[in-house]
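Asks: Respectively, the protein sequence lines represent chains Y and S.
For the first sequence, the working numbering gives the first residue as 2, with consecutive numbering after it.
For the second sequence, the working numbering gives the first residue as 2, with consecutive numbering after it.
Worth flagging that the hints you see were computed from the coordinates, not collected in a lab.
Some hints here could point you the wrong way.
[Claimed, not checked] Heads up, simulated DSSO-like pairs for lysine-lysine below, C-alpha to C-alpha not over 30 Å straight-line:
id, chain 1, residue 1, chain 2, residue 2
1, S, K314, S, K297
2, Y, K83, S, K314
3, Y, K83, S, K297
4, S, K314, Y, K125
5, S, K314, Y, K72
6, Y, K83, Y, K72
7, Y, K83, Y, K124
8, Y, K125, Y, K72
9, Y, K125, Y, K83
10, S, K342, S, K314
11, S, K297, Y, K72
12, Y, K83, S, K342
13, Y, K124, Y, K72
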Amino acid sequence: MELNFFVDYHRCIGCQACVQACQECDTHRGVSMIHLETIRRADSVQTAPQVCMHCADPICARVCPADAIKKTPDGVVQSSLKPRCIGCTNCVIACPFGVPRYTVEVDQMMKCDMCYDRTSIGKKPMCATVCPSGALSYTTLDDFRRDRRGTPVNEWVFGGETVRTRVFVVVPPPTEQMLIQLTTAAGGGAGPDTPADRDDVASLLEGR
Amino acid sequence: MQSLPTSPRPPGSVGVSPADGSARHAGGTPTLPGGMTPARPGPFTFSTACSLGAGIVMLLGIWFGSRGLRDFDSALVWYAGASVFSGMGIAYRYSMWLQRPPTRLYWRRGWQFFLNPARLAWNSGRLAGLFWDNFVLQRFIERRAPLRWGAHWLISWGCLLAAAVTFPLSFGWLRFETAPDSQEIYYCYLSGIRVLAFPTDSFVALVLFHVLDIAAVMVLAGISLSLVRRALDRGALSVQQFANDLFPLVLLFAVSITGLMLTVSSHVLHGTHHGFLSQFHAITVIMTLMYLPFGKFFHVFQRPAQLGVRFYKDAGAAGEPARCIRCGEEFGSRLHVEDLKLVQAQLGIHYEMPDGTHYQDVCPPCRRKNLALIQDGMWRAASLASEERTHG
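Bound conformation, chain Y alone:
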């Protein structure tokens, strides 16, 4: 049975276990590649993890002038090849998910590689292993459907660009695509309003 990665942002409790565990990955020892975003630091405790979504046709690789980003046959997009990466940061600012990191000291782009040292031999990625809330999970589709609510979706629309990913995001049914527009925590901004929640700290502070 094929194992899949599922991200459920709204389950994140901000414990940082994933950030610490990520550093244990052997392909980037001591450096955490996962992003843990605090959505609005000033007035909300909401946090969200972001791993590489491992696109089927990765935009990071397409815009790479050095041809340094490769995908394994099992669909995992790797960090840039050390001999080739020229540190241009095209991938960093072109990735629709904001995943790649450029490290100045080593002049190289590195990113989440789904703990390839582990997943390539059938183990779970470090972050999914330690996540206590199920925001990050690595299991089969059948097990996911049996144990969890929500629909896993791996098709994203960024304006005119449709991106399919190896990693799924968990959304309410019957969603089939993630239509990405700009939005902010309080529901303002360029995109559609986020439905106001009477218990949401940010919304309360803004008098919504």
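With chain Y's structure known, arrange chain S on it following the hints.
Replies: Positioned in the frame of chain Y, the structure of chain S alone reads:
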């Protein structure tokens, strides 16, 4: 690993074809009605021309450098032939690589900013500094891992040292000869011009006669360090591949060890099996030269692009910054973002949003936050809808 954006696809035709079935063309070549394309040389034609051009230049270089083949050593003709073939392969792949939209843009911009007359002097000084730091010392590799640096430094400088001697020798540009009036003096000629004279029992002679042995020892030491790292580093173990990571080491080992065996045969074994060993060594060198354009060693030719990127970044930092349309924070240079939009258009990446904004103008942290907020919003909407259904 799967090679995403490279051959056999034309440059620029990365990934799958668009849903409408139309092909992507190198450099954004427009498709005319009826599926016709404008009549202009395709990427393969251009690269074939570059390859042939490189071959002709190398042959002319051999002809003139060896004074009409007068200094050409016919015993080295296989090395020279393989070098020309390798040069043609490198030119082919390099020109294909340069035709990819992002590569072409960086190439053009890098030269544009470097050759800016107002900054040329400063840029030249910076280039010298970057060359010393990145190529001579290879400090950026040292910062990645000292063991990797040690292995890479020894292999790269061992190979460059050997190349600096063997290519001029096999092309007939470099020639050694004893002095007409003394067997104790050696002359070194470069394209027929005497550039060095030294006694055969001097230290210079010792170094010059054994420079390839020195290079071989450096390469073998580097290979040893590399194998230690590749055997112990669990990260490397998980991603390394035989064809891409180990085969180059096998080739370099074969070249170095057979080269050293020639010396051992001459100096220790009184020439035992020297003929066989020289043939064997030639085969390993020719195999390595053939591998040069198509395997891991090609990074030697790609890597100087790193210097152009530095000048591009300098120019970007001196100009207007890019500000995120969501949070207003700076996240790079306006130059870089606008150039990237051009590249994306050429590659068929469409980040234009329905509201007229461009997703490329959103900073990476805001992209991550945005994704989480959208998903969160969907769950809230579903929850509210459920509540409404429950309470009427």
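Asks: Against this structure, judge whether each hint is valid.
Replies: Checked hints:
Of the pairs offered as hints, the one joining S:K314 and S:K297 holds, with about 27 Å between alpha carbons and a cut-off of 30 Å not exceeded. With a C-alpha separation of about 20 Å, the suggested pair Y:K83 and S:K314 falls inside the 30 Å cut-off, and the hint holds. With a CA separation close to 11 Å, the supplied pair Y:K83 and S:K297 stays within the 30 Å bound. Between S:K314 and Y:K125 the CA atoms are separated by roughly 39 Å; this puts the pair beyond 30 Å, and the hint is violated.
At roughly 27 Å between alpha-carbon atoms, S:K314 and Y:K72 fall within 30 Å of each other, so this suggested pair holds. Distance check on the hinted pair: Y:K83 and Y:K72 sit about 14 Å apart at the alpha-carbon level, within 30 Å; holds. The hinted pair formed by Y:K83 and Y:K124 meets the criterion: a straight-line CA distance of about 25 Å does not exceed 30 Å. With a CA separation close to 19 Å, the supplied pair Y:K125 and Y:K72 stays within the 30 Å bound.
With a C-alpha separation of about 25 Å, the suggested pairing of Y:K125 with Y:K83 holds against the 30 Å cut-off. Distance hint between S:K342 and S:K314 is fulfilled; the C-alpha atoms sit about 17 Å from each other, no more than 30 Å. At roughly 16 Å between alpha-carbon atoms, S:K297 and Y:K72 fall within 30 Å of each other, so this suggested pair holds. A C-alpha spacing of about 26 Å is found between Y:K83 and S:K342, which places the hinted pair at or below 30 Å, so the restraint holds.
With a C-alpha separation of about 19 Å, the suggested pairing of Y:K124 with Y:K72 holds against the 30 Å cut-off.
In this structure, only the earlier hint numbered 4 is contradicted, and the remaining ones agree with it.
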